[in-house]
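A.B. asks: Now for the letters of each chain:
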Amino acid sequence: MSHFLELFNLTKVYATPSGPTVIVKDFNLRIKRGEFVCLIGHSGCGKSTVLSMIAGLNELSGGGMILAGRELVGPGPDRGVVFQSPCLLPWLTAFENVMLGVDQVFHPAPKPERRQIAEYYLSVVGLAHAMHKKPAELSQGMRQRVGIARAFALSPRMLLLDEPFGMLDSLTRMELQQVLIELWRRDQKTALMVTHDVDEALFLSDRIVMMTNGPEAEVGAILEVNFPRPRERGAVLEHPDYYKLREYLIDFLEVRAHKKNLVTHHPPVEPRPAAAASVLVNSN
Amino acid sequence: MAFLELKNVGKHFGTTEVLRDIDLSIEQGEFVAIVGFSGSGKTTLISLIAGLLQPDEGTITLNDLEISAPGPDRGIVFQNYSLLPWLTAFENVLLAVEQAFPNWSAAKKRQHTEKYLALVNLSPARDRKPGELSGGMKQRVAVARALALEPQILLLDEPLSALDALTRATLQEEISRIREETRKTVVLITNDPDEGIYLADRIIPLTAGPGATLGPSFRVDIPHPRDRKSINHHAQFKTMRRGIGDFLLGSRREHHQFATRKLILPQIEPEDLSLPRPMGRRRPVRPKEIQRELIELE
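Going down the list, the sequences are from chains A and B. Residues in the first sequence are numbered from 0 upward in steps of one, following numbering that gives the first Met the number 0. Residues in the second sequence are numbered from 0 upward in steps of one, following numbering that gives the first Met the number 0.
Bear in mind the hints are in silico, worked out from the structure with no lab data behind them. A couple of the hints might just be wrong.
[What the hints assert, rightly or not] Straight-line Cα separation of at most 30 Å, DSS-like style, residue types lysine-lysine; simulated pairs: (1) A:Lys188 x A:Lys24; (2) B:Lys128 x B:Lys108; (3) B:Lys261 x A:Lys133; (4) A:Lys188 x B:Lys287; (5) B:Lys128 x B:Lys114; (6) B:Lys261 x A:Lys188; (7) B:Lys183 x A:Lys31; (8) B:Lys183 x B:Lys228; (9) B:Lys237 x B:Lys287; (10) A:Lys243 x B:Lys128; (11) A:Lys110 x A:Lys188; (12) A:Lys188 x A:Lys132; (13) B:Lys287 x A:Lys110; (14) A:Lys243 x A:Lys188; (15) A:Lys110 x A:Lys133; (16) A:Lys243 x B:Lys237; (17) A:Lys110 x B:Lys261; (18) B:Lys228 x B:Lys261; (19) B:Lys228 x A:Lys132; (20) B:Lys183 x B:Lys237.
[Claimed, not checked] Pair by pair, the computed Cβ-Cβ distance ranges are: (21) A:Gly233 x B:Gln98: 20 to 28 Å; (22) A:Leu91 x B:Thr259: 56 to 64 Å; (23) A:Leu56 x B:Glu268: 22 to 30 Å; (24) B:Gln27 x A:Gly233: 33 to 41 Å; (25) B:Asp20 x A:Thr15: 41 to 49 Å; (26) B:Ile294 x A:Tyr13: 49 to 57 Å.
If you're wondering where the values come from, they're calculated on a predicted model, not measured in any experiment. Idealized CB from N, CA, C, for every residue including glycine.
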């Protein structure tokens, strides 16, 4: 089966006074259409570097990327990006912030239809009553809702989310995870998200890609998460395999992210046909 | 009568009711975590206990004495550290010691200050000013300052919310250890249910405001010191994680207003902006116009 996003030997090298430093080395990943994949790893391991390379915001030092059969070069509206801080223009309202991109991407469409697109996405993220407020009048959680609406409104082929809930408190984060997953289901998007929150990764993902610590970060292991969809937070937490997977991920982050310990790991759940999870070890 | 007792406490600012019907009893030596959303009134609640605010209804007593003003019997740690920037870590703590124990000799005051800086593992950085300390270290100074007052109760107002995840985990372990060593009564305010489960004997959710009130208590019987990994296998940890989250998210939903509105999403294909824009007006591309048909090839 052909893949929607393919990353081949993605490499990033930065020049430093003490010579070149390899941040990401030979990063390989394939994502199917409609899949939700989380990249998990410690701060500074290079996971955001991978995401910004896919977004076209950071040049590749080596390797290549293909999205929907076309090579990716530079940034473009075919990839909707949600950043950790929502990056809204403070002098525009939430609605105007969303319209900025909509006006570009749907430029041949009549104005009323472009407005309908922005209103639709701002409404489904829960901002129907606040879409004409400026960012300063919105709470941090509401601003991030605008960020999500803005990304979806452009009908991107793919969503790239860089720790979108990292600055929110844990309760607001739970609310927004639900908003995101419902919109993702509705629009059947392909998504790649960077996070270091184990619970967030388990709730949202079809697959969790665990990255080793940098420099020379690469794929450490991949965890398949097969909790039934649509997912509801309480039911996922009650799943018999949930805490096994959670412990496995925490353990990876605490111990195995250090490459020298990588060889010692084994799957958290015995592989069986109906299992909720199985582990694929990176073949490299 | 419990050690700290809040009876029917209410507070409003102007016409906005922030807290209502707060009833809370905390026993001596107990560690209670109050968990709620940002903006739900958690800081107002701890300011009432600290005596920085007065309740509009109800009474608050500590050790049978009504609280009417701030005092050194309650040590407070704030989220923003609140250290004096022109004093070193040592001098910040010493300042509090001098206020609380004016009759002690200078040597005793200094020795007492040293003891509490050692308790929070900060002796090596004692002569640094707040600007030269990391967020985690600043919060250690604030904890040392609060404990050096030898308060009857320690009030922690989201002490770890401004710190990154790794530092937060380290300081959670420190708080757990210090608590085991001092057996203080502690009230912790937090927005993280996991932090509460890791540290506290009892967790009480504060409903989403306005008009926030306390929900049912969840008692945590997992023995101390708690291990972050093995806690995953504890049945109580699992039910509590779900229970507290469901309660709080549910209380927030009660405040949401729902409306049915007709939304229209026009079906238009996004343009490829990497191509040059054609001159003149053009119709938008609609998905139904892109049709796949079987065609015969010669």
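A.B. asks: Next, verify each hint and record whether it holds.
C.D. replies: So, going through the hints one by one against the coordinates:
For a cut-off of 30 Å, the pair hint linking Lys188 (chain A) to Lys24 (chain A) stands: about 28 Å separates their Cα positions. At most 30 Å may separate the alpha-carbon atoms for a hinted pair to count; Lys128 (chain B) and Lys108 (chain B) meet this at roughly 20 Å. The hinted pair formed by Lys261 (chain B) and Lys133 (chain A) meets the criterion: a straight-line CA distance of about 24 Å does not exceed 30 Å. The straight-line distance between the Cα atoms of Lys188 (chain A) and Lys287 (chain B) is roughly 19 Å, inside the 30 Å bound, and the hint therefore holds.
At most 30 Å may separate the alpha-carbon atoms for a hinted pair to count; Lys128 (chain B) and Lys114 (chain B) meet this at roughly 19 Å. The suggested pairing of Lys261 (chain B) with Lys188 (chain A) holds, with an alpha-carbon distance near 23 Å, which does not exceed 30 Å. The hinted pair formed by Lys183 (chain B) and Lys31 (chain A) fails the criterion: a straight-line CA distance of about 54 Å is larger than 30 Å. With a C-alpha separation of about 26 Å, the suggested pairing of Lys183 (chain B) with Lys228 (chain B) holds against the 30 Å cut-off.
In summary, the hint linking Lys237 (chain B) to Lys287 (chain B) is not supported, as the alpha carbons are separated by about 48 Å, beyond the 30 Å threshold. Proposed proximity of Lys243 (chain A) and Lys128 (chain B) is contradicted: the alpha carbons are some 44 Å apart, above 30 Å. Among the hinted pairs, Lys110 (chain A) with Lys188 (chain A) is consistent with the structure: their alpha-carbon atoms are about 25 Å apart, no more than 30 Å. Pair hint Lys188 (chain A) plus Lys132 (chain A) holds up; C-alpha atoms about 28 Å apart against a cutoff of 30 Å.
Taking the CA atoms of Lys287 (chain B) and Lys110 (chain A), the gap is near 20 Å; set against the 30 Å cutoff, the hint holds. Pair hint Lys243 (chain A) plus Lys188 (chain A) holds up; C-alpha atoms about 28 Å apart against a cutoff of 30 Å. For a cut-off of 30 Å, the pair hint linking Lys110 (chain A) to Lys133 (chain A) stands: about 21 Å separates their Cα positions. With a C-alpha separation of about 12 Å, the suggested pair Lys243 (chain A) and Lys237 (chain B) falls inside the 30 Å cut-off, and the hint holds.
Only pairs whose Cα atoms come within 30 Å are accepted, and Lys110 (chain A) paired with Lys261 (chain B) is accepted, the gap being roughly 19 Å. For the hint pairing Lys228 (chain B) with Lys261 (chain B), the CA-to-CA distance comes to about 48 Å; that exceeds 30 Å, so the pair is violated. For the hint linking Lys228 (chain B) to Lys132 (chain A), the alpha-carbon distance of about 44 Å lies beyond 30 Å, and the restraint is violated. Taken as a hint, the Lys183 (chain B) and Lys237 (chain B) pair is honoured in the structure, with Cα atoms around 27 Å apart against an allowance of 30 Å.
The supplied range of 20 to 28 Å is broken by Gly233 (chain A) and Gln98 (chain B), whose beta-carbon atoms lie about 49 Å from each other. Between Leu91 (chain A) and Thr259 (chain B) the C-beta distance comes to about 29 Å, which lies outside the given range of 56 to 64 Å. The hint said 22 to 30 Å for the Cβ distance between Leu56 (chain A) and Glu268 (chain B), and at roughly 25 Å that hint holds. A beta carbon spacing of about 36 Å between Gln27 (chain B) and Gly233 (chain A) agrees with the range 33 to 41 Å that was offered as a hint.
The hinted range of 41 to 49 Å is not satisfied by Asp20 (chain B) and Thr15 (chain A), whose Cβ atoms lie roughly 60 Å apart. Restraint check, Ile294 (chain B) to Tyr13 (chain A): a C-beta distance of roughly 51 Å satisfies the suggested window 49 to 57 Å.
Hints 7, 9, 10, 18, 19, 21, 22 and 25 from the earlier list are contradicted by this structure; the remaining hints agree with it.
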